[in-house]
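Q: Heads up: the protein sequence lines correspond to chains A and B, in order.
For the first sequence, our numbering begins at 1 and goes up steadily by one.
For the second sequence, our numbering begins at 1 and goes up steadily by one.
Do not take every clue at face value.
To give an idea of the chain A side of the interface with chain B (calculated C-beta under 7 Å), a few residues [stated by the list, open to error]: (1) Gly-48; (2) Ala-51; (3) Gly-63; (4) Pro-141; (5) Met-207; (6) Val-208.
Among chain B residues calculated to face chain A with C-beta under 8 Å, some are [unchecked claim]: (7) Val-56; (8) Gly-61; (9) Val-92; (10) Arg-96; (11) Ala-138; (12) Asp-150; (13) Arg-257; (14) Pro-260.
Sample of chain A residues with no beta-carbon within 12 Å of chain B, all distances over it, derived [said to hold, decoys possible]: (15) Asn-73; (16) Gln-116; (17) Ser-206.
The hints are simulated quantities; they were obtained by calculation from the structure and are not laboratory data.
The beta-carbon is built from N, C-alpha and C at its ideal position, and this holds for glycine as well.
Number of protein chains: 2
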Amino acid sequence: MDYKSSGVDIDAGHEVVRRIKRLARSTFTPGVLSDIGSFGGLFRLEPGRFADPVMVASADGVGTKLEVAFMANRHDTVGEDLVNHCVNDILVQGARPLFFLDYLATGRLAPDVAEQIVAGIARGCRANGCALLGGETAEMPGFYAAGEYDLAGFIVGAVDRERIINGSTLEPGDILIGVPSTGLHTNGYSLARRIVFNELGLRVDSMVPELGTTVGEALLAVHRSYLPVVEPLLNEPGLVRGLAHITGGGITDNLPRIFPAGVGARIDRRAWDVPALFQFLWKAGDVPIDDMYRSFNMGIGLIVACRPADADRVVMMLKHQGESPRIIGELIPGDRTVSYLG
Amino acid sequence: MDYKSSGVDIDAGHEVVRRIKRLARSTFTPGVLSDIGSFGGLFRLEPGRFADPVMVASADGVGTKLEVAFMANRHDTVGEDLVNHCVNDILVQGARPLFFLDYLATGRLAPDVAEQIVAGIARGCRANGCALLGGETAEMPGFYAAGEYDLAGFIVGAVDRERIINGSTLEPGDILIGVPSTGLHTNGYSLARRIVFNELGLRVDSMVPELGTTVGEALLAVHRSYLPVVEPLLNEPGLVRGLAHITGGGITDNLPRIFPAGVGARIDRRAWDVPALFQFLWKAGDVPIDDMYRSFNMGIGLIVACRPADADRVVMMLKHQGESPRIIGELIPGDRTVSYLG
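Bound conformation, chain A alone (with noise of 0.2 Å):
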């Protein structure tokens, strides 16, 4: 008995890697000191980009999104939605994204699909200025079924001492600005999968005359990264007070995440729109509101927290970012808990 009839394809291992390593190339920016395929990558932080850098790190999966690129065959979308999950998760602590880590795990590796998988995180990381500096792509056969994968992602930043966000400095009366989403993102699939294919019985490629798309585009809508409208506010200190991502839990569970104790907040769900998918999710599925917003972004994928006094002006520089900012609500009071108007 060899290793590869035991269902490990060393040979098809190395054929991967050899392809990965051009596209991890694609992302190398002047701080990679590594070449792919080394036991560990190195970075180094150029001197003097930083006063007092301290490292940023966070680790996410994709969750049960990728069922939906599994349905779809298409799996050159999920890597870009890892890497502006991973972006975002230190961006909200004013850290700018230094390199990222992936980790792939399959039950038998198909070459063509794991070059589509890491193309799309190549192509995340390139537009955030991120480099892959490495990975680890596991076979394991029995482990996952045939056509399937996990995918987990790792990334680290840096953002100087004094300029990290904590939303220690929040309080009361404070505006909360929130920051259009571009679909489910990586969060809530697990709902949004039962109520679309267990209870409607669509399939992916369904046409939805609500979403004046398919179930599968609805779906895969890539996650996007809120690094490019938000380094303007972290370029002027001070300005932001807070920023909290809306990920799995929603605004319910992540907003309270950046808040001091004795603070709350009151949001005013009147004041943007709801998205076509989330209305549709939320009539197709009977979910109580309160779910809802406990398990989808419903529209906000990031909120930004400022003095009154300063409010005016973030929604000015987000709009000149070419973004649709809303005041949603404000801090108050309380126990870190979110309460909602409307």
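The hints should help you fit chain B onto chain A, whose structure is shown.
A: Okay, now just chain B, sitting in the frame of chain A:
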């Protein structure tokens, strides 16, 4: 329809996070500036610890060793496997670990199992002076079988730029010193499981007289960290010219990863005693010898390369740490391949 009925239990997730927080805090080093639960984990390298720090990062999984953990219903060792694997992967470039993040994906979150897994990660982190800075715990209903999970890890360490070990100075004549492994570590499990469970029909609790223990105990032996025994060597600049971590692909594929062009290796297989577990698998599986050395570490988990004049000193220093190092071969002119004697 609500979120819980779709298979995701946000409250169970919060309970897991609460337990994980306590475990993670037990690993915190002075560099950690954030608590678990922030969008990103914050880490500050103490100023002055490195003159010109280079970050070294690596991502890894546990592979199908997880299947053995499932069969044995033992979940507190795989986390330590993962941390040590990652620590070794950056150690071979000369780096000391700074922080670690994990990705744990399950079908349905069992808080007790998640806690066992993270307890193993935390134990591994503490032993290596590495902070568990964050992670992602993903509940993906229908994606993983009941009681199964996947686990990946991501590590960042640092090395002074002029102390980076990358094998670039290796040349023919350099001596290769092998340091013992503690079992299969985390590689070769697809082949090993097929031999042990499919061909031989053994169970995890079957006693194997040749091994003096059960199948489960033998296969779950923890992947060791080489940090404590290698650190004294690294403190003498120039002593170590190259380090290879023997993981998937065995000595055959891993040792050449550090070779410059024009260099190969000759390994004398008679130089060390292959541990009983590998001999058992070899015989029982009727595996070609070349596949054995390309699938398993065969008892050598780390290879240290040094100048001939330094070999005795390196061996002595390793023995002083309680190791049983063996001179297993030397570098020769070649094309980045390994040839075997014996």
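Q: Taking the hints in turn, state whether each one holds.
A: Outcome of the hint check:
For Gly-48(A), the interface hint is violated, the least distance from its beta-carbon to any beta-carbon of chain B being 12 Å, above 7 Å. Given the 7 Å rule on beta carbons, the hint for Ala-51(A) is violated: about 11 Å separates it from the nearest Cβ of chain B. For Gly-63(A), the suggested interface contact is upheld, since its CB lies about 6 Å from the closest CB of chain B, less than 7 Å. Here the hint on Pro-141(A) is kept, as its CB sits about 5 Å from the closest CB of chain B, short of 7 Å.
Interface restraint check for Met-207(A): the shortest CB-CB distance to chain B comes to about 23 Å, outside 7 Å, so the restraint is violated. Interface hint at Val-208(A): violated, since its Cβ lies 18 Å from the closest Cβ of chain B, which is beyond the 7 Å cut-off. Of the supplied interface hints, the one on Val-56(B) holds, with its beta-carbon coming within about 4 Å of a beta-carbon of chain A, less than 8 Å. Restraint check, Gly-61(B) versus chain A: the minimum CB separation of about 5 Å is within 8 Å; hint holds.
A least Cβ separation of about 5 Å between Val-92(B) and chain A falls short of the 8 Å threshold, and the interface hint therefore holds. Violation of the interface hint for Arg-96(B) is found here, the shortest Cβ-Cβ separation to chain A being roughly 12 Å, above the 8 Å cut-off. At about 5 Å, the closest approach between the beta carbon of Ala-138(B) and any beta carbon in chain A falls short of 8 Å, and the interface hint on this residue holds. Against a cut-off of 8 Å between C-beta atoms, the interface hint on Asp-150(B) holds, since the closest Cβ of chain A lies about 6 Å away.
For Arg-257(B), the suggested interface contact is upheld, since its CB lies about 6 Å from the closest CB of chain A, less than 8 Å. Taking 8 Å as the C-beta contact cut-off toward chain A, the hint placing Pro-260(B) at the interface is violated, the least distance being around 13 Å. Residue-level check passed: Asn-73(A) sits 17 Å from the nearest beta carbon of chain B, beyond 12 Å. For Gln-116(A), the condition that its CB be more than 12 Å from all CB atoms of chain B holds, with the nearest at approximately 19 Å.
Chain B leaves Ser-206(A) outside its interface by the beta-carbon criterion, the shortest separation being 19 Å against a cut-off of 12 Å.
The earlier numbered hints that this structure contradicts are 1, 2, 5, 6, 10 and 14.
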